[in-house]
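Novice: Residue numbers (our numbering), protein chains in the order written: chain Y, 1 to 176; chain F, 1 to 169; chain R, 1 to 168.
No lab work stands behind these hints, which were simulated from the structure alone. We put the beta carbon where it would ideally sit given N, CA and C, even for glycine. Wrong hints could be hidden among the right ones.
To give an idea of the interface, some chain F residues facing chain R are shown, with a C-beta separation under 8 Å as derived from the structure [unchecked claim]:
(1) H16
(2) M40
(3) I41
(4) H110
(5) E114
(6) G131
(7) L163
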Amino acid sequence: MILPSINNMAQQICSYIILFICFSNLSFGQQDMIHEYFNHYTQEDGVSHIYLGKDLLQLMSRMKQAEAEEEFQKLMEQLTSLSILSSDSSQLSDQIYREAVSMMNHHNYQLIQQYLEGDIKISYYRLPGSKARKTKELVMLSKGQNNCLVLSITGNIKLEDIGRLARGMYLKKIVG
Amino acid sequence: MSLIADFQTRVLPVKHKLYRFAFRLLGNGPEAEDVVQEVMIKIWNKRQEMHTYLNMEAWCMRLTKNLSLDRLRAQKRRKMDSLPEKFDIAATTASPERLTETRDTLKWVHEIIELLPDKQKIAIQLRDIEGYSYKEIAEIMEININQVKVNLFRARKRVKESLLQATSY
Amino acid sequence: MTHKEIHSYLEAFWRGESTLEQEAALKSYFEEQDIPAAFKQDQPYFEYLLKEQARKLNNPAFDQKLIKHIGGGTKRLMWTNFVKMAAGLSLLIAVGWWYQHSDTHPEAAITELQHLRQHTVDADSQAAYELAREALLMLSKGISQDSTQLQQLEHLKQEIKDFDPAKH
């Protein structure tokens, strides 16, 4: 026997879920490179995968935060995903890193920066968007001796907006 | 509710879908149960993952598929190649004459599906039994939608042909 | 459903062109006792599908074995992460499950679902926010050639660890 009030609540939950499903289907188009090429790693022990989808990012862009967070939140609103793959297994790290470099080279990702400090190598790649000066995906690849980290954000991104977070500078020279 | 009680009421119910899937690939209950245990433990170990609602179920099914196929490979019972176009129905245990008995008919269909290549078997399980959409099946099988359709079409075609052959004695 | 509709759905089905709705209609049709001769040869397959759908993992020892393995740890921090994961996996499933078991404590189930959603939204979106913030700052420092990158990388790694304190 279902009480009337519970019926209403259930209906509310169902419509929430239906809305969510519709919304998810709309944002299905753009897959980040971790989902696209590294999905099999997410199931390995010794590998962590964190995925923040569009809905969560939207939620976070509207949360109450300090005023100084405004730029961060504006950016979060524009993103369709934030995905992190990390490993502290020496063997898996080597594997993931090699595959990532090879994959980026083969799929039109542009290397925009690379740094080497001690035994840590950090590389930044971008996947150009359909419009000029827009970036579809920005990837950071970091490789240490026994660990690696892949960070990807997708959306309709302007690199200048990202650069502005660290310093108040425009980066016209990167997206020429 | 305690942590464990929550796991019981919220995560464990999905076990039936995973079990049916593992059972389809492995052909026996105890092994299928082992795979589902492994999957559940992996979910627990990776609980910091922040997947969307839909991705999570596909992730579990995909993991079930991969663990089941790993087991099969380890046992060297089957390969991922397709069978030749015609296979020998006489080699199966159910005989055409007794098809009017329901129990044997179902056994017959089961045997037909058992003999399908893994990809076609999986397509049948995910579409005809679990009712997933092509997009969801593609995500679980890690192939594209066209390949899903091809595998499903071929699988159903073989089932149909076998049933026709069996009923036209 | 008319004879003609069934015939047309079956044709589409064997061609691999049927929709999920048509397939559901066919399954429902073949549950009936009196199937006309024209469809008798299709019947075994649909009967088989129905039977297979009902297959369940019914071993009572299964749940106990699993619970034993994951342990009874009730650290407050682990709860936060588990709630996050459980909500993610199960909000969809829980409603379906609840409908099936609505004769046993429906009110409790709904209250728990409410709490679960609220808890997830409050506690864990802040954790997600901190993580996302450090990730964006990392990217920003990298592409603007900021010299404090390595430091930032350590911050990000710490945020990742904090996201799942059970990993400490």
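Novice: Run every hint past the structure and note whether it holds.
Specialist: We went through each hint and held it up to the structure:
1. H16: OK, holds: F/H16 within 8 Å of chain R, min 5 Å.
2. M40: holds (5 Å)
3. I41: holds (6 Å)
4. H110: Check passed: Cβ of F/H110 comes within 7 Å of chain R, closer than 8 Å.
5. E114: For F/E114, the interface hint is violated, since the closest Cβ of chain R sits about 12 Å away, which is over 8 Å.
6. G131: For F/G131, the interface hint holds, since the closest Cβ of chain R sits about 6 Å away, which is under 8 Å.
7. L163: Interface hint status for F/L163: holds (6 Å vs cutoff 8 Å).
Of the hints listed earlier, the one the structure fails to meet is number 5.
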